[in-house]
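Got chain L sorted already, so can you dock chain Z onto it with the hints?
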Amino acid sequence: MKRILIANRGEIAVRIIRACHQLGMEAYLVVSSADRDTLGAQLADRTICVGPPPSAASYLNIDAIVAAAQRTGCDAVHPGYGFLAERSAFSRRVNEAGLIFVGPGPDIIDLMGDKVRARESAEAVGVPVPPGTGRVENLAAVEDFCDRYGLPILIKASAGGGGRGMRLVRDRIKIAESFTSASAEAEAAFGDAGVFVERYIERARHIEVQILGDSHGNVIHLGERECSVQRRYQKLIEEAPSAILAPEVRKRMTEAAVKLAAHVNYLGAGTVEFIYDDDAGDFYFLEMNTRIQVEHPVTEMVTGIDLVAAQLEVAAGKLLPIRQSEVKSVGHAIECRINAEDPLNNFRPSPGVIICWQAPNGEGVRVDSHCYSGYRIPPYYDSMIGKLIVWDEDRIAAIRKMEVALGNLKAEGIETTIPFHRAVLETQDFRSGRVRTRWVEEDFLPSWKA
Amino acid sequence: MADRTKEIMEVLRLFEESDFTTMQLELDGMQLALSKDGGSLPQFQRVQHMPPASAQVPVTASSRAQPATPAKGVNGNGAGAVQALAVSPTKTASKVAGEGLIAVKSPTPGTFYRAPSPGEPPFIEVGGKVSKNDTVCLIECMKLFNTIGAECDGTIASIEVENAQPVELGQVLVYIRPS
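Top to bottom, those sequences are chains L and Z.
Quick note: the first sequence uses the working numbering, first residue 1, plus one each step.
Quick note: the second sequence uses the working numbering, first residue 1, plus one each step.
So here's chain L without its partners, still in its complex pose:
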């Protein structure tokens, strides 16, 4: 593998280019016509325009991207996250074109993309899943489940993700309406109206385990990340390790993740996500993401392992760079996602020109971003403009370092989520680790705005 085509944009394109260059590989980048002057385009060895600004015509244009890879003599395609990263059709087409897809094969993507089958795979190897159903075909099946397990329940899209096609039902008379609307939303978003039901966990945290697998049958974990600071199912702050996980639970959780990944012969970097029940002190399988995650840097900061470089090496057929017994997690890392959104106005998108961009620096401070002074953020793509990551010896020191770093991060000309992060870091709830996935919406925002 000497030349990689990166089928993505923004900060992750910059991140992958850096890993390619680190390994002595050439990095070619696809761009839409709106992205010709991005930082990624400046750093890449070559850019190939694959279409107009709307992502359906460019970053989701499988024909154009595969053709670009072939025409420019690339050996492999790195999909990043989002866009085509979890489309099995893309992975298949890349393979059929005789190129390497940096990630698992289409069958694994399909298996984990189908939330019902993924749940069944977890159950098959003894990974705990919350009480739930397979695909439900009618309202009666949902009501049966409620009779047996009670409310509240979550109705979820089988093909789902990102909260779409998902409904929380607390009230019996809302079951029918929620079932219909979840189904319709799933059909609209994923072209598959299939839904299933799970018991809703009232006081839930989101904790996930980073996995790496190679093509020689080795699978290791790199510990967990806690991502409970979320709004509308979108993560905003992530950390490694979790502030509250007991060593015994951590051991069981990471072992469960490895067992599931090994069961499906996982190749590359992946993440097994769990719901942690604060009341029971126990965890359940949520889903597996078959790609690099946005929040991978916190794991890199505590383990010292370059996850994107590892992805490229195992894709090339090499052995994992490290054994499980050699993986050590040291200190504490926190990541804040910096979005071009106005947190004081209901997180309204705020595209436009960044007149002045000034990133903080210093030991243990990392900024993954594609921004620079004068960069015009286009309105066509998502609002994340960068990630601020800090590392320190323990959680308290890391929080302090993040506060200083947020104070030194300037993004003038647009609104950003920086004020939101500064306010969250000040709260007693966050500092003491008493944060659950609905905390931002139910507790923090109402009191912050007041």
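It should be emphasised that the hints constitute simulated quantities derived from the structure, not laboratory data.
Take the hints with a grain of salt, since some may be wrong.
Unchecked claim - Okay, derived cross-link-like pairs now, EDC-like style, lysine to aspartate or glutamate, Cα gap no bigger than 16 Å in a straight line:
1) L/LYS174 with L/ASP144
2) L/LYS328 with L/ASP306
3) L/LYS174 with L/ASP147
4) Z/LYS129 with Z/ASP153
5) Z/LYS143 with L/ASP144
6) Z/LYS143 with L/ASP382
Chain Z in isolation, oriented as in the chain L frame:
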């Protein structure tokens, strides 16, 4: 003009030698669209409303490119584009605006959609009646869909943007004749 012709010939030569099958170029008021080997002719993003007829100039090795209508202040400069739009909206728009029509403007840059999802009927048609706050269109900005409501009760006088086209902040989307 001789210099310009020379430049264009140089561009053609580079394009011919490249791996690209399509290309578009905007320079000093000139727009050039090229395709070869079955590549589909690129469509220009019309930041400002301009006569479409001369916007694309298919070029073969022997033909000469004609400069398209000059587009003042909109050459890839976003700030300029907003300004230009604020000063001179479309011809029809400025004409009808004088007749007491109410403009619905985009609150954000983004992409304009006439229907809730592809395949569904559009929210409004010209001549249709709307009540205040009825949805007239969607603007997608950073993957979020904003519903845009009618400013007043009335009849749709014109729809100023084609479906799925980019719009700028403050650009007029729809004119309503108040009732």
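Taking the hints in turn, this is what the structure says about them:
Note on L/LYS174 and L/ASP144: the hinted pairing holds, with a Cα-Cα distance of about 15 Å set against a maximum of 16 Å. Between L/LYS328 and L/ASP306, the direct Cα distance comes to roughly 14 Å. Compliance with the 16 Å bound is thereby established for this hinted pair. The suggested pairing of L/LYS174 with L/ASP147 holds, with an alpha-carbon distance near 14 Å, which does not exceed 16 Å. For the proposed pair Z/LYS129 and Z/ASP153, the alpha carbon gap of about 8 Å is at most 16 Å, so the pair holds.
Proposed proximity of Z/LYS143 and L/ASP144 is contradicted: the alpha carbons are some 37 Å apart, above 16 Å. Between Z/LYS143 and L/ASP382, the direct Cα distance comes to roughly 6 Å. Compliance with the 16 Å bound is thereby established for this hinted pair.
In summary, the structure is inconsistent with hint 5 from the numbered list given earlier, while agreeing with all the others.
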